[in-house]
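Asks: Residue strings, one per chain:
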Amino acid sequence: NAGVTQTPKFRVLKTGQSMTLLCAQDMNHEYMYWYRQDPGMGLRLIHYSVGEGTTAKGEVPDGYNVSRLKKQNFLLGLESAAPSQTSVYFCASSPPGTGGVNTEAFFGQGTRLTVV
Amino acid sequence: AQTVTQSQPEMSVQEAETVTLSCTYDTSESDYYLFWYKQPPSRQMILVIRQEAYKQQNATENRFSVNFQKAAKSFSLKISDSQLGDAAMYFCAYRRDSNYQLIWGAGTKLIIKP
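So the sequences go chain by chain: A and B.
Here the numbering used here is used: position 73 in the first sequence is 138, and no number is missing along the way.
Here the numbering used here is used: position 99 in the second sequence is 91, and no number is missing along the way.
Bound-form chain A, shown alone (with noise of 0.2 Å):
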């Protein structure tokens, strides 16, 4: 049971640089998420989607795309890095929250992204 699996763990990046960071799920879930933590605060919702090819902003979506061209896969992308998205990224999923009593969500590991 692999949950969820987000790659890579550790990223160092420039400024004004671009990356991708993957997020997979083996659970069939219909809802994923990124959010990001920073020190001293909770997690912020980036962007989410609620089904493939589906996506929507959260609380903090500026600088940040996704992608869920397949149900399992949630891409989160940095067109030009900045040194404010330092921090650490989180990718979960949940089944959809209606009527069930399994609502929580399932984080992956997360991945330590710094800017310099």
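Keep in mind the hints are simulated off the structure, nothing from the lab.
Be a bit skeptical, because a hint or two may be false.
DSSO-like cross-link-like pairs, simulated, lysine-lysine; straight-line CA separation at most 30 Å [stated by the list, open to error]:
#, chain 1, residue 1, chain 2, residue 2
1, A, 122, A, 74
2, B, 47, B, 65
3, B, 101, A, 74
4, B, 101, B, 62
5, B, 65, A, 122
6, A, 135, A, 122
In silico negatives: residues of chain B with every beta carbon more than 10 Å from chain A [unchecked claim]:
#, residue
7, 9
8, 42
9, 61
Label-pair ranges, simulated between beta-carbon atoms [stated by the list, open to error]:
#, chain 1, residue 1, chain 2, residue 2, range
10, B, 61, A, 105, 22 to 32 Å
11, A, 137, B, 32, 39 to 49 Å
12, B, 75, A, 124, 29 to 39 Å
13, A, 119, B, 64, 35 to 45 Å
14, B, 49, A, 135, 38 to 48 Å
15, A, 85, B, 34, 22 to 32 Å
16, B, 36, A, 151, 17 to 27 Å
17, A, 147, B, 34, 25 to 35 Å
18, B, 64, A, 87, 35 to 45 Å
19, B, 70, A, 103, 23 to 33 Å
Keep in mind that this is a model prediction, so the values were computed, not measured.
Just so it is clear, CB atoms sit at the ideal spot from N, CA and C, and this is done for glycine as well.
With chain A's structure known, arrange chain B on it following the hints.
Replies: Using the frame of chain A, we list chain B on its own:
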């Protein structure tokens, strides 16, 4: 908009003793879910316990239990018989019943003293 507040940035407890972590939230919804997640130094987010708002009975999972006070909008986590492996950041999170987004508190760092 919903908010989640954890007023204790750090807590410490002696091994084998009991500790309670506080969480309050603000919402106008009647149906929602509340969660406690644990984040050890490995960074992995691990679900500790969850509570459905429509259930009056407090959730329990082995040494972990919650005190859910819906009217007061309070959701505290009690850890009994604390163990060294319980040392971690603990996050409280809120989710609307018909929604997907988790709203997170800032976290409480739990230190276990041997």
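Asks: Beyond 10 Å from every Cβ of chain A: is that where the Cβ of residue 42(B) lies?
Replies: Given a closest Cβ separation of 6 Å, the condition is violated.
Asks: Run the distance test for residue 122(A) versus residue 74(A): straight-line Cα separation, threshold 30 Å.
Replies: holds (24 Å)
Asks: Are the Cα atoms of residue 47(B) and residue 65(B) separated by 30 Å or less?
Replies: holds (14 Å)
Asks: Would you mind confirming whether the straight-line C-alpha gap from residue 101(B) to residue 74(A) stays at or under 30 Å?
Replies: holds (23 Å)
Asks: Tell me if the beta carbons of residue 49(B) and residue 135(A) are separated by a distance inside 38 to 48 Å.
Replies: At roughly 40 Å between Cβ atoms, residue 135(A) and residue 49(B) fall inside 38 to 48 Å, so the hint holds.
Asks: Are residue 75(B) and residue 124(A) spaced within 29 to 39 Å by their CB atoms?
Replies: At roughly 35 Å between Cβ atoms, residue 124(A) and residue 75(B) fall inside 29 to 39 Å, so the hint holds.
Asks: So the hint says 23 to 33 Å: do the beta-carbon atoms of residue 70(B) and residue 103(A) match that?
Replies: With a Cβ separation near 28 Å, residue 70(B) and residue 103(A) satisfy 23 to 33 Å, so the hint holds.
Asks: Quickly compare the C-alpha distance for residue 101(B) and residue 62(B) to 30 Å and report which way the hint goes.
Replies: The hint holds at about 25 Å.
Asks: If I claimed the Cβ atoms of residue 147(A) and residue 34(B) lie 25 to 35 Å apart, would that claim hold in this structure?
Replies: holds (28 Å)
Asks: Checking one constraint from the list: CA of residue 65(B) to CA of residue 122(A), max 30 Å. Satisfied?
Replies: holds (28 Å)
Asks: Does the Cβ pair residue 61(B), residue 105(A) satisfy 22 to 32 Å?
Replies: Holds: the Cβ-Cβ distance is about 26 Å, inside 22 to 32 Å.
Asks: Holds or violated: residue 135(A) and residue 122(A), Cα atoms, limit 30 Å.
Replies: Holds. Residue 135(A) to residue 122(A) sits at ~18 Å (cutoff 30 Å).
Consistency with the previously given hints fails for numbers 8, 11, ordered from lowest to highest.
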